[in-house]
Every structure is written in C-alpha cells, then in structure tokens.
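Novice: Here is what each chain is made of, one letter per residue.
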Amino acid sequence: MAKLRGTGMAAVNYPTGMNLGGDPSQALVHATTSGSFVVTLSATDLGQGLRTVIGQIAAETLGVAYDQVVVDTADTDTGPHDMGTFASRATHRVGNAVIAAAVEARKALLDVAAEEFEASVDEIELDGHGNLMVRGVPARSMPVAEVASMAQFKYGRTIAGRGSFMKPRSEVDPETGAMDPDSTEAHACTVAEVEVDTETGEVTVLSIRSAYEVGRQVNPALVQGQITGGAWMGMSHALYETTAPYYPAPDHSPRDFSEYLMPGPLELPEIDCVVLEMPSSNGPYGVKGIGEMTANSPIPAIVNAIYHATGVRIDSLPVTPEKILRGLDARRP
Amino acid sequence: MASTIVTFELGGREVEVLVRPMTTLQSVLRNQLGQTATKDGCRQGGCGSCTVLVDGEPMASCLLPIEDVAGRRVTTLESLTPAEGLHPVQQAFVDEYAFQCGYCTPGMVMLSKALLDHDPAPNDEAIGQALAGNLCRCTGYRPIVDAIRHASGAMSGHDTEPVR
Ligand code: FES
Ligand code: FES
Numbered sequence: 000m001a002k003l004r005g006t007g008m009a010a011v012n013y014p015t016g017m018n019l020g021g022d023p024s025q026a027l028v029h030a031t032t033s034g035s036f037v038v039t040l041s042a043t044d045l046g047q048g049l050r051t052v053i054g055q056i057a058a059e060t061l062g063v064a065y066d067q068v069v070v071d072t073a074d075t076d077t078g079p080h081d082m083g084t085f086a087s088r089a090t091h092r093v094g095n096a097v098i099a100a101a102v103e104a105r106k107a108l109l110d111v112a113a114e115e116f117e118a119s120v121d122e123i124e125l126d127g128h129g130n131l132m133v134r135g136v137p138a139r140s141m142p143v144a145e146v147a148s149m150a151q152f153k154y155g156r157t158i159a160g161r162g163s164f165m166k167p168r169s170e171v172d173p174e175t176g177a178m179d180p181d182s183t184e185a186h187a188c189t190v191a192e193v194e195v196d197t198e199t200g201e202v203t204v205l206s207i208r209s210a211y212e213v214g215r216q217v218n219p220a221l222v223q224g225q226i227t228g229g230a231w232m233g234m235s236h237a238l239y240e241t242t243a244p245y246y247p248a249p250d251h252s253p254r255d256f257s258e259y260l261m262p263g264p265l266e267l268p269e270i271d272c273v274v275l276e277m278p279s280s281n282g283p284y285g286v287k288g289i290g291e292m293t294a295n296s297p298i299p300a301i302v303n304a305i306y307h308a309t310g311v312r313i314d315s316l317p318v319t320p321e322k323i324l325r326g327l328d329a330r331r332p
Numbered sequence: 000m001a002s003t004i005v006t007f008e009l010g011g012r013e014v015e016v017l018v019r020p021m022t023t024l025q026s027v028l029r030n031q032l033g034q035t036a037t038k039d040g041c042r043q044g045g046c047g048s049c050t051v052l053v054d055g056e057p058m059a060s061c062l063l064p065i066e067d068v069a070g071r072r073v074t075t076l077e078s079l080t081p082a083e084g085l086h087p088v089q090q091a092f093v094d095e096y097a098f099q100c101g102y103c104t105p106g107m108v109m110l111s112k113a114l115l116d117h118d119p120a121p122n123d124e125a126i127g128q129a130l131a132g133n134l135c136r137c138t139g140y141r142p143i144v145d146a147i148r149h150a151s152g153a154m155s156g157h158d159t160e161p162v163r
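First to last, the protein sequences are chains A and Y.
Under numbering that gives the first Met the number 0, the final residue of the first sequence carries the number 332; numbering is consecutive throughout.
Under numbering that gives the first Met the number 0, the final residue of the second sequence carries the number 163; numbering is consecutive throughout.
Just chain Y, same shape as in the assembly:
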C-alpha cells in the first residue's frame, strides 16, 4: 500500500509526516520526529512506557496507528517540559526520587499529568487505579504514588514539601 501524509498537532504545532500504512504513533515520534522520551518497552500495550496524551487522554502510543491521530492533539514529555525548569509533575518526581533506571518515568509522568487534570486531588486508590497499566520494575511504586500526591499539592498551591 502507498504511503500517505498524516497531519496532527504535536506540542502546540502542526506536524506533517509521510508514513506507511499502520505505522504507530510511537514509531513516528521516536523514529521520524526524534522524540525519544516516549519509550519502547514492549510494543504490545503491556507496559505503559510509551504513554502519551491524545486530546488530553493517556494512550499507549505503540497501539495507536498514526492515521487515528490525524487532526488530533498529541502531547509528549517533550511538549510538557517547559523551556526553563520542569513541569510541576516532573519536579515532584525529582523531589520524591520516583525513579531509578528511569525507563518507566516518561510514561508515568504523562499518566500523572492526565490523572491530575481530571482529578486534582486523587486518593491512593484513585492513583493506584490510574497507574494500573504502567509497569515500574525498580521503585516498588511507592515513591511514584508519593510523587503524584506531592504534585497534586504543588499544583493546587498548597503543601509543596516532599511527602516524606
């Protein structure tokens, strides 16, 4: 089948890519656009390391054919990161040491941002439910849960101290 041109919004800018049919968003981001913060843990929807936001909703970009994002708004870790400093969710991950190898971190940060956009003060149960599709094999999740609670406080203007 012939290649086609797909247009979508990435980090506030319109991008246009020439792709073979059924190329995934993950592959376009990493291989065509050089946005390698989106990771590539399993390529079958099992780990969440490739999580990006599409129209604000977290999605596994390894399962998303690029044609499906035509005309939609994609947010990656690169688009989330301000020119200076860090996004409050990123800062909370640093403050809580919520990573070791860091492989799960981009997906975890995107997921946390989406969670906090929907529910600015999630309890541990809600955080646990939100994280269920994203694997971490280093931290034991506790520091990640703490980072999300910390980010929630920081973004609502109270309690910017580390949780522990």
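Bound conformation, chain A alone:
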C-alpha cells in the first residue's frame, strides 16, 4: 500500500455562442437628465460579472466614466430580446449589441452638443471623464450631464441608441459536412498533479495549473476569478459530484443542494494560471467567451493524472475511491 503521485494533461478548444436558429442579443442605451447612461438588457448576470464588463464596454464606447453607466439586466418582460446567458456567449453577443447601441446614443449626444456649441459634429469630442468639448478649444467644454439635461429640456430630444448582434444560423453543407456554428474559440491547457492512496482509493489533487487564451480580457480580475472557481468546479466534477446514490447505500445520496458533495476549503489544491490575449476578430474589443470552459480541461487532466499514478484508466465520473480500488484489484496478477 502506497501513496502514488502522477501528472496529467488535457487541452480544450472552446466555442463562443451556439448555432441556434440565429443567436441574437439586443441592447438599448439612453441618457437620463442627470447625464447617466442606462443600458437595458434581458441578458442575465449569473454572478459571473456580466453587469461589470457590460458597464465597462458601454463606458468605453460612449466615452464616459464607468460610474456614469447603470446596467439594468434580466427583466424579460421589459428588456430588449436576448437568447440568454449560456454557451459562454453573453460578453461576446451582448457586448457587440451594447457597442452598437452606445455608438448611436453617443452620436445623439454629440449632435446636441454641436448644436449648443454651434460647431460641426465632427469637431466635438468626449474626454472620457464626463466632458464634451470642441476639439482644441478647452474653453468650450461642458459636462455630459449638462448636455444631457439640455437635450431633454431645451431641445426636446432623446439621447438614445438601439443595438443588436446576431450570428445567423449556419446550415451544414451536405457535400462536405462543413459548417460555421460558433463565433470564435478560446483555448486552454491544464496540467494536474494528484496523489492516490492505494489503500483507501482516495485522490488528493495537489495542483491544477493552466494556460488560457481568451481573446481580449475586459476585466482580468473577473477572468482570474472564473479560472480559479472553474478549476475547483472541474475537480468537483472529476472526483465528487453525482446525483446518483453511490456510497454505500441509496439513502446516502444527497437530498438537496446543501448535501450535494463538492470539495470544501480543506481540499483545495494549488490553483494557478497564465492568461494569453489574442483578440478575436468579431468580439467586442476582441473578446472571446470564458466561462463554461474553465471547468472542462481540469477534469480529463485529473483523470489522466490518476492513470499516470496508478495505471488505472477510468472512463466514468465521478472517479470514486471504489472505482480506483476495483481498477487496482483488476491489475493485480
């Protein structure tokens, strides 16, 4: 009986978006009288930070500060249409729709400023800190809030924009089988190290180290959070999670989500990653999707590491101690 160590590797090529009957996201952007911009969406923030990155994308495109943008999500009764938050699609799809809406709203804002300054629209610029000015004439400058208020009270205009992004449905070419189902692909490679106790069949994950290529990162801290949380979720899929009863009798299976087995803070491996940025050609500012993929490559990496450590090849999840002990038994001469 021994504790055996092994190292395993796995790589993933992950699509952003899905080939539905067309995969649209829409966004509306408008300015209030106080000069804040409201982005209205039906897309949902599941906790991954969609509202944060959409606020950043809108602020960047509008040319205003991040805290001047309010992102209003997830009411499908009142918001513009969205297919939903899944398939790592939201930052890509919604971000593109928000850029289109913000460009239109920005144009409406510049039109009012041009009229007020008696200048032509292409002479007006935003400084990114909430001011509009005539290019090269700092004396002729006005806060966005003032122009927004003027638009409504002096000129009777709206400052608003509509945006939509849709990936059209791709059909399979009957001759070649070729199709174009996704918009872009992100990539990752994970190396996991494990220690297997051959007496109990228990696996300890020592480390999960990954390299990710995710296009442009809108918010590197959120990307890091997804990768760290995803590595833990992958480890959880690999070794813990099931709704089926397995140990040792059916009434030991989880009755609800608080009993559903996942690793806790005492089982944490070392989790580490590097992130490479190779901007996509069709995402907002070069974005690709990172979300679901982060739980993918850790799973086969861990299972491969178990094989490396013990010679036992397991092909169903979760890898329970029982499966490992049976595998070890089968290999005994």
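It should be emphasised that the hints constitute simulated quantities derived from the structure, not laboratory data.
From a predicted model like this one, the values you see are computed outputs, not experimental measurements.
Glycine residues also receive a C-beta, built at the ideal position from the N, C-alpha and C atoms.
Errors might be hidden in some of the hints.
One-sided excerpt, in silico: chain Y residues whose CB lies under 10 Å from chain A [as the list claims (entries may be wrong)]:
#, residue
1, C46
2, F98
3, Y102
4, Q128
5, A129
6, C135
7, P142
8, I143
Examples of chain Y residues lying across from chain A (beta carbon under 7 Å, computed) [to be verified]:
#, residue
9, C41
10, G45
11, Y96
12, Q99
13, C100
14, G127
15, L130
16, A131
17, C137
18, T138
19, G139
20, Y140
21, R141
22, V144
Mind docking chain Y with the ligands on chain A? Use the hints.
Specialist: This is chain Y with the ligands only, laid out in the frame that chain A set:
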C-alpha cells in the same frame, strides 16, 4: 399561540419586535427589520449564508428562534459596516476578489470576523475548519481563504498587501 415582544441588542442598539412563536432571527432581520444582508440560502442550516454573530459567536440565524436571542447581542453585516468605508475584513474580500455572485459573502464576512476575533493569525487549516459550514459555489474558496489571511495581516498592522 399569542405573539410576544422580544428585546435584543442589534448593532449597539436595543430593538424590540412583536413576533409569532418560533419566528427565526433570520426572518426578523430580513422581514421585520429590513436587514437583508443576512441571506436566505436554504433555511435549514446547510449553507451558512445567514450567519450572524450572537454575543460574538457565529450562528446560523435561520435555525435560531428569536426567543433565544432575547437580551443578547446580535451583530449583522449592517452593524459591522462603518458609516464611512469598509471593515478591514470587507476590504480584504474586495482586494482579493473573494466573491462572484456575492450570495455567500455576508455569511463569509461574519464568519471571518468571528474567526479573527478568536484567532488573529489563523493558518490555512484553521481557516478551512472555520469555513466548513459555509458554502460558496462560485469562487472555489481559494480567494476567500486568501482574503482571510490578508485581513489577518491588515488587522494586526502588517502586510496589508493583497496575498496574491
Ligand atoms: S439559510 Fe441558514 S444555513 Fe442556509
Ligand atoms: S460568490 Fe457566489 S456563492 Fe460564493
């Protein structure tokens, strides 16, 4: 059974509530006093999202009949948060990005505060033991453990830099 009046201390002030028998502290905080930082994940003691301090000890407020806190001192996230800025534990959670959806965060912050009050320099083992009853389904716990180590440094006056 008739309603009764229960008096306890909340965030340094005495409060008095009229409650039906067996109403939980969680329900009183959220529904009668509007203190919704205390979350409501499972209502059966399984997730820790409703953790508050009673006389400085972390407890699942969803399992605590309000009668049991009569005359005791209750601390919620609202009472922990200073009028300006953040408590050092809250600041450490921000600095380490120790949340995604944030649902577990109020309970995690209360638990961390209680841990650090008892043990100002806990090791990872002690942190892991303390966190065992509180679930997080987003972060993988690593950033939360890092935030507690960071808060421990900040509160003892050294090493206020983020852990990573
Ligand atoms: S709500 Fe109290 S432990 Fe889950
Ligand atoms: S941050 Fe979502 S549950 Fe902890």
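Novice: All the hints need checking, so say for each whether the structure fits it.
Specialist: Hint check results:
For the restraint placing C46(Y) at the interface with chain A, the shortest Cβ-Cβ distance is roughly 5 Å, inside the 10 Å limit, so the hint holds. Taken as an interface hint, F98(Y) checks out: its beta carbon lies about 8 Å from the nearest beta carbon of chain A, inside 10 Å. With 10 Å as the threshold, the beta carbon of Y102(Y) comes within range of chain A, its nearest partner Cβ sitting at about 7 Å, so the hint holds. The closest approach between the C-beta of Q128(Y) and any C-beta of chain A is roughly 7 Å, which is under the 10 Å cut-off, so the hint is satisfied.
Here the hint on A129(Y) is kept, as its CB sits about 9 Å from the closest CB of chain A, short of 10 Å. Because the smallest distance between the Cβ of C135(Y) and any Cβ of chain A comes to about 9 Å, under 10 Å, the interface hint for this residue holds. The restraint placing P142(Y) at the interface with chain A holds, with a minimum CB-CB distance near 6 Å, inside the 10 Å limit. Proximity of I143(Y) to chain A holds as hinted, the smallest CB-CB distance being about 7 Å (cut-off 10 Å).
This hint holds: C41(Y) has a C-beta 5 Å from the nearest C-beta of chain A, less than the 7 Å allowed. Evaluation of the G45(Y) hint against chain A yields a held restraint, the C-beta minimum of about 3 Å falling below 7 Å. The criterion of a C-beta within 7 Å of any C-beta in chain A is met by Y96(Y), whose closest approach is roughly 5 Å, and the hint holds. Interface hint at Q99(Y): satisfied, since its Cβ lies 5 Å from the closest Cβ of chain A, which is below the 7 Å cut-off.
Taking 7 Å as the C-beta cut-off, the interface hint given for C100(Y) holds, the closest approach to chain A being about 2 Å. Hint status for G127(Y): holds, given a least beta-carbon distance of 4 Å to chain A, under 7 Å. This hint holds: L130(Y) has a C-beta 5 Å from the nearest C-beta of chain A, less than the 7 Å allowed. Taken as an interface hint, A131(Y) checks out: its beta carbon lies about 6 Å from the nearest beta carbon of chain A, inside 7 Å.
For C137(Y), the interface hint holds, the least distance from its beta-carbon to any beta-carbon of chain A being 5 Å, beneath 7 Å. A distance limit of 7 Å between C-beta atoms decides the matter here; for T138(Y) the minimum to chain A is near 5 Å, and the interface restraint holds. The criterion of a C-beta within 7 Å of any C-beta in chain A is met by G139(Y), whose closest approach is roughly 3 Å, and the hint holds. Annotation: interface hint on Y140(Y) holds; nearest CB of chain A at approximately 4 Å, less than 7 Å.
Residue-level restraint check for R141(Y) holds (minimum Cβ-Cβ distance to chain A is 6 Å; threshold 7 Å). The beta carbon of V144(Y) comes within 6 Å of a beta carbon in chain A, closer than 7 Å, and the hint placing it at the interface holds.
Of the hints listed earlier, there is not a single one the structure fails to meet.
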